[in-house]
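Taking the numbering used here, I'd label the letters of the sequence shown as residues 32 to 295.
Among these hints, one or two may not hold up.
Pair by pair, the computed Cβ-Cβ distance ranges are [as the list claims (entries may be wrong)]:
| no. | residue 1 | residue 2 | range |
| --- | --- | --- | --- |
| 1 | 228 | 105 | 43 to 53 angstroms |
| 2 | 156 | 245 | 22 to 32 angstroms |
| 3 | 32 | 127 | 42 to 52 angstroms |
| 4 | 232 | 201 | 42 to 52 angstroms |
If you're looking for bench data, these hints aren't it; they were derived computationally from the structure. Cβ coordinates follow ideal geometry from the N, Cα and C atoms, glycine included.
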Amino acid sequence: MNQLADKRAIVVGASRGLGRGVAEAFLGEGASVVAVARDTGPLSELAAGHKQLQLEAGDATDPAVADQLLRQYRPDIVALVAGAAPSLRPLHQQTWESFSTNWNTDVRMTFHWLRQALLLPLRPGSRVIVMSSGAAIMGSPLSGGYAGAKATQRFMADYAAQEARRADLQITVSAVLPRLTPLTDLGRAATVAYAARMGISEDEYLRQMGKPVTPEIAGQAFVSLATGRQVEGAYMLTADGLKPLPGAAPAERQTPVPAIKEER
Numbered sequence: 032m033n034q035l036a037d038k039r040a041i042v043v044g045a046s047r048g049l050g051r052g053v054a055e056a057f058l059g060e061g062a063s064v065v066a067v068a069r070d071t072g073p074l075s076e077l078a079a080g081h082k083q084l085q086l087e088a089g090d091a092t093d094p095a096v097a098d099q100l101l102r103q104y105r106p107d108i109v110a111l112v113a114g115a116a117p118s119l120r121p122l123h124q125q126t127w128e129s130f131s132t133n134w135n136t137d138v139r140m141t142f143h144w145l146r147q148a149l150l151l152p153l154r155p156g157s158r159v160i161v162m163s164s165g166a167a168i169m170g171s172p173l174s175g176g177y178a179g180a181k182a183t184q185r186f187m188a189d190y191a192a193q194e195a196r197r198a199d200l201q202i203t204v205s206a207v208l209p210r211l212t213p214l215t216d217l218g219r220a221a222t223v224a225y226a227a228r229m230g231i232s233e234d235e236y237l238r239q240m241g242k243p244v245t246p247e248i249a250g251q252a253f254v255s256l257a258t259g260r261q262v263e264g265a266y267m268l269t270a271d272g273l274k275p276l277p278g279a280a281p282a283e284r285q286t287p288v289p290a291i292k293e294e295r
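Start from the sequences and build out the full structure, keeping to the hints where you can.
Take a look at the structure:
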């Protein structure tokens, strides 16, 4: 349909899972796509068939990578989908290193890319979409600090949106919180772990979960946000698509007063 013709998108974490679905959806809508991944090998065949796809191997948590790629490509759309697989074990069996994995990857990556998008800044009309997780709301007791990291990503997207409005940058920032899906490496591992914890089969666990979010559904959700059919804010993503999460409309939202304990 070419809804994104003449647009350039950077997809961070595009080599597999939902990130690949986002990259393919952007390509399908006519965008020029820069796919960023530690290992771009899985994207070689896709790139061979799409001249508008460029591959960039790099560490998304490195601020120099974020700065270089944003300056080099000046994207209209930035999709932050990269993330680490959490250590799937209960709290008392975690180490601090395993517990903090997603803070040192997902949160760090989001911080550097949002920061650079605001400092550069991106062109007016640009859109930044952060992939968080439904775990940010529902928790994930077998995933260490994963749920907290994903909640922080949602907050960071909101903070960046506020700063963009304050500076009149005309940059839209959104967060997408997909439900757990067995169609990603992370989701498959989590399905096995939670089914075992509940003492049920994986098939029964999946039946209880309902229809899964697919890479194609994620891709279309990001297209919807990238084309402006959805306003900025946070959205739950299910098999039925995007659903706005409760909260004030962006123009109405007041900057909260930090809760600071008064010293006496």
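Quick rundown of the hints versus the structure:
| no. | hint | result |
| --- | --- | --- |
| 1 | 228 to 105: 43 to 53 angstroms | 46 angstroms, holds |
| 2 | 156 to 245: 22 to 32 angstroms | 29 angstroms, holds |
| 3 | 32 to 127: 42 to 52 angstroms | 48 angstroms, holds |
| 4 | 232 to 201: 42 to 52 angstroms | 51 angstroms, holds |
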